[in-house]
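Undergrad: Sequence:
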Amino acid sequence: MVMEAIRVLHYGLGAIGSAVALLTATQRGLEVVGGIDRDPQKIGRDLGDVIGLGQQLGVAVSGDVNETLRRTQPHIVIHATVPRFHDIYPQLLACLNAHASVISTCEELVYPFGKEPAAAHELHRAAAQAGVTVVGAGVNPGFVMDLLPLMLTAPCVNVKRISVSRVVDATKRRAGVHQRIGAGLSLDQFREHVARGDVRHVGLPESIGLIADGLGWQLYRITEQIDPILASEWLTTPYGTVAPGQVAGVRQNARGWMHGRDVISLTWEQAVGSRKAHDAIYIDATPPLDMLIQGGLHGEHATAALIVHAIPQVLAAAPGLMTVLDLPTPHYRPRPEPLRARERG
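Per full-length UniProt numbering, the sequence shown runs over residues 1 to 345.
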(Lines of atoms letter the chains of each structure in order from A and count residues from 1; the text may use other names and numbers.)
(Lines give C-alpha, C1' and ligand atoms only; values in the text may rest on other atoms or scores of the structure.)
Protein backbone atom coordinates (compact mmCIF):
# COMPACT_ATOMS: atom_id res chain seq x y z
CA MET A 1 0.00 0.00 0.00
CA VAL A 2 1.38 3.39 -1.01
CA MET A 3 1.60 5.73 1.97
CA GLU A 4 1.60 9.49 1.49
CA ALA A 5 2.25 12.49 3.68
CA ILE A 6 -0.83 13.99 5.28
CA ARG A 7 -1.85 17.12 3.39
CA VAL A 8 -2.76 19.86 5.88
CA LEU A 9 -4.54 23.13 5.11
CA HIS A 10 -4.67 25.89 7.74
CA TYR A 11 -7.92 27.87 7.81
CA GLY A 12 -7.58 30.87 10.13
CA LEU A 13 -4.17 32.33 10.96
CA GLY A 14 -4.68 34.29 14.15
CA ALA A 15 -2.66 33.58 17.28
CA ILE A 16 -3.97 30.03 17.77
CA GLY A 17 -4.05 29.12 14.09
CA SER A 18 -0.49 30.36 13.62
CA ALA A 19 0.72 28.43 16.68
CA VAL A 20 -0.69 25.22 15.22
CA ALA A 21 0.75 25.99 11.78
CA LEU A 22 4.20 26.55 13.30
CA LEU A 23 4.04 23.06 14.74
CA THR A 24 2.66 21.28 11.67
CA ALA A 25 5.29 22.94 9.49
CA THR A 26 8.05 21.24 11.49
CA GLN A 27 6.52 17.75 11.67
CA ARG A 28 7.67 14.94 9.40
CA GLY A 29 4.75 13.15 7.81
CA LEU A 30 2.74 16.37 7.47
CA GLU A 31 2.72 18.50 4.33
CA VAL A 32 1.39 22.03 4.73
CA VAL A 33 -0.37 22.73 1.44
CA GLY A 34 -1.99 26.09 2.09
CA GLY A 35 -3.34 28.78 4.38
CA ILE A 36 -6.59 30.74 4.41
CA ASP A 37 -7.29 34.01 6.20
CA ARG A 38 -9.51 37.04 5.66
CA ASP A 39 -6.90 39.59 6.82
CA PRO A 40 -5.78 41.60 3.77
CA GLN A 41 -2.39 42.10 5.44
CA LYS A 42 -1.82 38.32 5.26
CA ILE A 43 -3.37 37.45 1.90
CA GLY A 44 -0.74 36.90 -0.81
CA ARG A 45 2.16 36.52 1.61
CA ASP A 46 4.05 33.28 2.10
CA LEU A 47 2.53 31.25 4.92
CA GLY A 48 5.92 30.76 6.58
CA ASP A 49 6.38 34.52 6.82
CA VAL A 50 2.86 35.06 8.18
CA ILE A 51 3.25 32.57 11.03
CA GLY A 52 6.81 33.64 11.91
CA LEU A 53 8.47 30.38 10.92
CA GLY A 54 11.71 32.03 9.88
CA GLN A 55 11.63 30.47 6.43
CA GLN A 56 9.23 30.36 3.54
CA LEU A 57 6.99 27.38 2.87
CA GLY A 58 6.33 28.09 -0.79
CA VAL A 59 2.57 28.49 -0.32
CA ALA A 60 0.76 31.82 -0.33
CA VAL A 61 -2.05 32.70 2.05
CA SER A 62 -5.38 33.02 0.24
CA GLY A 63 -8.66 34.68 1.06
CA ASP A 64 -10.65 32.44 -1.31
CA VAL A 65 -11.87 29.44 0.68
CA ASN A 66 -13.44 27.34 -2.06
CA GLU A 67 -10.66 27.91 -4.59
CA THR A 68 -7.98 27.02 -2.05
CA LEU A 69 -9.76 23.85 -0.98
CA ARG A 70 -10.21 22.82 -4.60
CA ARG A 71 -6.61 23.57 -5.54
CA THR A 72 -4.82 22.09 -2.52
CA GLN A 73 -7.02 19.00 -1.96
CA PRO A 74 -6.14 18.62 1.75
CA HIS A 75 -6.68 15.45 3.71
CA ILE A 76 -7.42 17.57 6.77
CA VAL A 77 -8.17 21.21 7.53
CA ILE A 78 -6.97 22.81 10.78
CA HIS A 79 -9.72 25.33 11.37
CA ALA A 80 -9.14 28.23 13.81
CA THR A 81 -11.45 31.17 13.25
CA VAL A 82 -14.15 32.05 15.82
CA PRO A 83 -15.59 30.43 18.98
CA ARG A 84 -19.31 30.23 18.08
CA PHE A 85 -20.68 27.14 16.34
CA HIS A 86 -23.33 28.95 14.30
CA ASP A 87 -20.67 31.31 12.91
CA ILE A 88 -18.42 28.52 11.64
CA TYR A 89 -21.13 26.22 10.31
CA PRO A 90 -20.85 27.43 6.67
CA GLN A 91 -17.05 27.33 6.91
CA LEU A 92 -17.20 23.69 7.97
CA LEU A 93 -19.62 22.83 5.16
CA ALA A 94 -17.15 24.24 2.63
CA CYS A 95 -14.50 21.86 3.96
CA LEU A 96 -16.89 18.90 3.86
CA ASN A 97 -17.83 19.72 0.28
CA ALA A 98 -14.12 19.39 -0.53
CA HIS A 99 -14.09 15.97 1.20
CA ALA A 100 -11.62 17.19 3.84
CA SER A 101 -11.72 16.19 7.49
CA VAL A 102 -11.60 19.04 10.01
CA ILE A 103 -10.10 19.67 13.43
CA SER A 104 -11.44 22.98 14.70
CA THR A 105 -10.49 25.12 17.68
CA CYS A 106 -14.06 26.48 17.83
CA GLU A 107 -14.94 26.24 21.51
CA GLU A 108 -18.61 25.44 20.99
CA LEU A 109 -17.79 22.67 18.50
CA VAL A 110 -16.11 20.66 21.28
CA TYR A 111 -19.60 19.64 22.42
CA PRO A 112 -22.31 21.28 20.28
CA PHE A 113 -25.05 18.78 21.13
CA GLY A 114 -26.20 20.73 24.20
CA LYS A 115 -26.85 24.20 22.76
CA GLU A 116 -27.33 23.40 19.07
CA PRO A 117 -28.48 19.79 18.79
CA ALA A 118 -30.30 20.18 15.45
CA ALA A 119 -27.37 21.88 13.72
CA ALA A 120 -24.94 19.38 15.27
CA HIS A 121 -26.90 16.43 13.91
CA GLU A 122 -27.15 18.09 10.49
CA LEU A 123 -23.38 18.56 10.46
CA HIS A 124 -22.92 14.94 11.51
CA ARG A 125 -25.02 13.77 8.57
CA ALA A 126 -23.16 16.02 6.14
CA ALA A 127 -19.75 14.79 7.34
CA ALA A 128 -20.83 11.15 7.25
CA GLN A 129 -22.19 11.59 3.74
CA ALA A 130 -18.90 13.17 2.64
CA GLY A 131 -16.94 10.34 4.26
CA VAL A 132 -14.92 12.66 6.50
CA THR A 133 -14.64 13.49 10.20
CA VAL A 134 -15.15 16.76 12.09
CA VAL A 135 -13.89 17.29 15.66
CA GLY A 136 -13.62 20.30 17.95
CA ALA A 137 -10.41 20.22 19.99
CA GLY A 138 -8.09 22.34 22.09
CA VAL A 139 -6.74 22.72 25.59
CA ASN A 140 -9.84 24.43 27.02
CA PRO A 141 -12.39 23.27 26.17
CA GLY A 142 -11.26 19.89 24.90
CA PHE A 143 -8.72 18.76 27.45
CA VAL A 144 -7.76 20.31 30.78
CA MET A 145 -11.26 21.05 32.13
CA ASP A 146 -13.11 18.09 30.61
CA LEU A 147 -11.20 15.25 28.96
CA LEU A 148 -8.41 15.19 31.55
CA PRO A 149 -10.82 15.03 34.53
CA LEU A 150 -12.69 12.24 32.77
CA MET A 151 -9.46 10.30 32.23
CA LEU A 152 -8.61 10.73 35.92
CA THR A 153 -11.83 8.96 36.94
CA ALA A 154 -10.46 5.69 35.47
CA PRO A 155 -9.07 4.40 38.81
CA CYS A 156 -12.14 5.61 40.74
CA VAL A 157 -15.52 4.17 41.65
CA ASN A 158 -18.57 5.91 43.09
CA VAL A 159 -17.76 9.27 41.51
CA LYS A 160 -19.93 11.88 43.23
CA ARG A 161 -18.59 15.22 42.03
CA ILE A 162 -15.93 16.72 39.77
CA SER A 163 -14.46 20.15 40.44
CA VAL A 164 -11.94 21.89 38.19
CA SER A 165 -10.31 25.30 38.46
CA ARG A 166 -8.07 26.99 35.92
CA VAL A 167 -6.27 30.23 36.77
CA VAL A 168 -4.39 32.03 33.99
CA ASP A 169 -2.08 35.05 34.34
CA ALA A 170 -2.99 37.44 31.52
CA THR A 171 -0.22 39.95 32.22
CA LYS A 172 1.93 39.05 29.21
CA ARG A 173 -0.79 37.65 26.97
CA ARG A 174 -1.77 39.28 23.68
CA ALA A 175 -4.00 42.36 23.43
CA GLY A 176 -7.04 40.36 22.33
CA VAL A 177 -6.93 38.39 25.57
CA HIS A 178 -6.94 41.60 27.60
CA GLN A 179 -10.02 42.79 25.72
CA ARG A 180 -11.79 39.46 26.24
CA ILE A 181 -11.35 39.64 30.03
CA GLY A 182 -12.23 43.33 30.29
CA ALA A 183 -8.87 44.48 31.65
CA GLY A 184 -8.96 48.20 32.41
CA LEU A 185 -12.75 48.56 32.36
CA SER A 186 -14.78 50.17 35.10
CA LEU A 187 -17.28 47.98 36.94
CA ASP A 188 -20.22 49.48 34.99
CA GLN A 189 -18.42 49.00 31.68
CA PHE A 190 -17.65 45.41 32.64
CA ARG A 191 -21.33 44.68 33.26
CA GLU A 192 -22.25 46.19 29.90
CA HIS A 193 -19.65 44.09 28.08
CA VAL A 194 -20.77 40.92 29.86
CA ALA A 195 -24.39 41.63 28.89
CA ARG A 196 -23.30 41.96 25.24
CA GLY A 197 -21.27 38.76 25.43
CA ASP A 198 -17.98 40.56 24.71
CA VAL A 199 -16.31 39.62 28.01
CA ARG A 200 -16.39 35.93 28.82
CA HIS A 201 -14.72 32.60 28.24
CA VAL A 202 -16.60 30.47 25.74
CA GLY A 203 -16.70 26.76 26.46
CA LEU A 204 -17.58 26.00 30.09
CA PRO A 205 -21.08 24.63 29.34
CA GLU A 206 -19.54 22.57 26.55
CA SER A 207 -16.98 21.13 28.97
CA ILE A 208 -19.76 20.25 31.41
CA GLY A 209 -21.71 18.56 28.62
CA LEU A 210 -18.66 16.57 27.60
CA ILE A 211 -17.99 15.39 31.17
CA ALA A 212 -21.63 14.46 31.73
CA ASP A 213 -21.73 12.56 28.43
CA GLY A 214 -18.59 10.65 29.34
CA LEU A 215 -19.96 9.67 32.75
CA GLY A 216 -23.49 8.98 31.55
CA TRP A 217 -24.88 11.63 33.89
CA GLN A 218 -28.26 13.14 32.98
CA LEU A 219 -28.05 16.79 33.99
CA TYR A 220 -31.23 18.79 34.29
CA ARG A 221 -29.59 22.21 34.40
CA ILE A 222 -26.34 24.05 33.68
CA THR A 223 -25.81 27.42 35.39
CA GLU A 224 -23.12 29.99 34.70
CA GLN A 225 -21.95 33.10 36.54
CA ILE A 226 -19.44 35.76 35.50
CA ASP A 227 -17.82 38.12 38.02
CA PRO A 228 -15.08 40.74 37.75
CA ILE A 229 -11.69 40.46 39.41
CA LEU A 230 -10.79 43.98 40.55
CA ALA A 231 -7.24 45.28 40.78
CA SER A 232 -6.04 46.09 44.29
CA GLU A 233 -2.90 47.86 43.03
CA TRP A 234 -1.53 49.45 39.88
CA LEU A 235 -0.84 46.77 37.27
CA THR A 236 1.30 47.29 34.18
CA THR A 237 0.99 45.28 30.97
CA PRO A 238 2.53 45.63 27.50
CA TYR A 239 -0.76 47.27 26.46
CA GLY A 240 -1.28 49.77 29.26
CA THR A 241 -2.05 49.99 32.95
CA VAL A 242 -4.89 48.86 35.19
CA ALA A 243 -5.67 51.15 38.11
CA PRO A 244 -6.81 50.01 41.55
CA GLY A 245 -10.56 49.44 41.44
CA GLN A 246 -10.59 48.78 37.71
CA VAL A 247 -11.27 45.36 36.27
CA ALA A 248 -8.16 43.17 36.08
CA GLY A 249 -9.93 40.10 34.72
CA VAL A 250 -12.76 37.60 34.95
CA ARG A 251 -13.85 34.83 37.28
CA GLN A 252 -16.36 32.54 35.59
CA ASN A 253 -18.07 29.52 37.12
CA ALA A 254 -20.34 26.95 35.51
CA ARG A 255 -22.14 24.13 37.29
CA GLY A 256 -23.94 21.03 36.11
CA TRP A 257 -26.87 19.90 38.27
CA MET A 258 -28.26 16.42 38.91
CA HIS A 259 -30.52 15.12 41.69
CA GLY A 260 -30.83 18.58 43.23
CA ARG A 261 -27.11 19.31 43.62
CA ASP A 262 -24.20 20.47 41.53
CA VAL A 263 -22.14 17.45 40.49
CA ILE A 264 -19.78 19.32 38.16
CA SER A 265 -18.19 22.68 39.00
CA LEU A 266 -15.80 24.43 36.62
CA THR A 267 -14.13 27.72 37.57
CA TRP A 268 -12.07 29.69 35.07
CA GLU A 269 -10.11 32.79 36.05
CA GLN A 270 -7.97 34.98 33.87
CA ALA A 271 -6.62 38.28 35.11
CA VAL A 272 -3.73 40.66 34.83
CA GLY A 273 -1.48 40.13 37.84
CA SER A 274 -2.61 36.60 38.75
CA ARG A 275 0.25 35.20 40.81
CA LYS A 276 -0.85 31.60 41.27
CA ALA A 277 -1.60 30.30 37.78
CA HIS A 278 -2.57 26.64 37.89
CA ASP A 279 -4.90 23.92 36.73
CA ALA A 280 -6.50 21.95 39.57
CA ILE A 281 -8.81 18.92 39.46
CA TYR A 282 -10.59 17.36 42.41
CA ILE A 283 -12.67 14.20 42.04
CA ASP A 284 -14.91 13.25 44.96
CA ALA A 285 -14.86 9.47 44.57
CA THR A 286 -13.38 6.28 45.95
CA PRO A 287 -10.51 6.93 46.15
CA PRO A 288 -10.66 10.74 46.04
CA LEU A 289 -8.26 12.26 43.55
CA ASP A 290 -6.60 15.68 43.77
CA MET A 291 -4.31 16.93 40.98
CA LEU A 292 -2.50 20.25 40.59
CA ILE A 293 -0.56 21.49 37.55
CA GLN A 294 1.64 24.31 38.84
CA GLY A 295 1.68 27.23 36.42
CA GLY A 296 -1.12 25.72 34.33
CA LEU A 297 -1.02 24.62 30.72
CA HIS A 298 -0.11 27.32 28.19
CA GLY A 299 -3.20 27.82 26.05
CA GLU A 300 -1.63 28.27 22.63
CA HIS A 301 1.23 25.79 22.98
CA ALA A 302 -0.93 23.06 24.50
CA THR A 303 -3.68 23.56 21.92
CA ALA A 304 -1.18 23.27 19.07
CA ALA A 305 0.24 20.02 20.46
CA LEU A 306 -3.18 18.50 21.10
CA ILE A 307 -4.35 19.26 17.58
CA VAL A 308 -1.22 17.92 15.89
CA HIS A 309 -1.37 14.73 17.97
CA ALA A 310 -5.02 14.31 16.97
CA ILE A 311 -4.46 14.49 13.20
CA PRO A 312 -3.83 10.77 12.57
CA GLN A 313 -6.57 9.84 15.05
CA VAL A 314 -9.14 11.97 13.25
CA LEU A 315 -8.16 10.60 9.85
CA ALA A 316 -8.62 7.07 11.20
CA ALA A 317 -11.95 7.82 12.90
CA ALA A 318 -15.42 6.98 11.65
CA PRO A 319 -16.97 9.64 9.39
CA GLY A 320 -19.24 12.19 11.04
CA LEU A 321 -19.19 14.84 13.77
CA MET A 322 -17.22 13.41 16.67
CA THR A 323 -16.02 14.65 20.04
CA VAL A 324 -12.69 14.04 21.73
CA LEU A 325 -14.47 11.26 23.65
CA ASP A 326 -14.73 9.33 20.38
CA LEU A 327 -10.97 9.43 19.73
CA PRO A 328 -8.23 7.34 21.36
CA THR A 329 -6.55 8.86 24.41
CA PRO A 330 -4.29 11.64 23.11
CA HIS A 331 -0.58 11.43 23.80
CA TYR A 332 2.75 12.62 22.46
CA ARG A 333 3.78 11.22 19.09
CA PRO A 334 7.35 11.66 17.81
CA ARG A 335 5.90 11.96 14.31
CA PRO A 336 2.46 11.59 12.75
CA GLU A 337 1.83 8.42 10.81
CA PRO A 338 1.48 8.79 7.04
CA LEU A 339 -2.05 8.58 5.72
CA ARG A 340 -3.19 5.00 5.30
CA ALA A 341 -6.20 4.37 7.52
CA ARG A 342 -8.97 5.61 5.31
CA GLU A 343 -9.37 6.63 1.69
CA ARG A 344 -10.51 10.18 1.18
CA GLY A 345 -14.15 10.51 0.17
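Simulated from the structure, these hints should not be mistaken for lab results. Hints are not guaranteed to be accurate.
[As the list claims (entries may be wrong)] Within a straight-line C-alpha distance of at most 20 Å, the following computed SDA-like cross-link-like pairs (lysine to any residue) qualify:
1. LYS115 / GLY273
2. LYS172 / ALA285
3. LYS276 / LYS115
4. LYS115 / MET258
5. LYS160 / GLY214
6. LYS160 / ASP213
7. LYS115 / ILE226
8. LYS172 / HIS301
9. LYS172 / ARG251
10. LYS115 / CYS156
11. LYS160 / ALA285
12. LYS172 / LEU297
13. LYS172 / ILE16
14. LYS276 / THR236
15. LYS115 / LEU219
16. LYS276 / HIS309
17. LYS115 / THR237
18. LYS172 / ALA277
19. LYS160 / TYR282
20. LYS172 / MET258
21. LYS276 / VAL177
22. LYS115 / GLN225
Undergrad: Check each numbered hint from earlier against the structure, then list the numbers of those it violates in ascending order.
TA: Hints 1, 2, 3, 10, 16, 17 and 20 not satisfied by this model.
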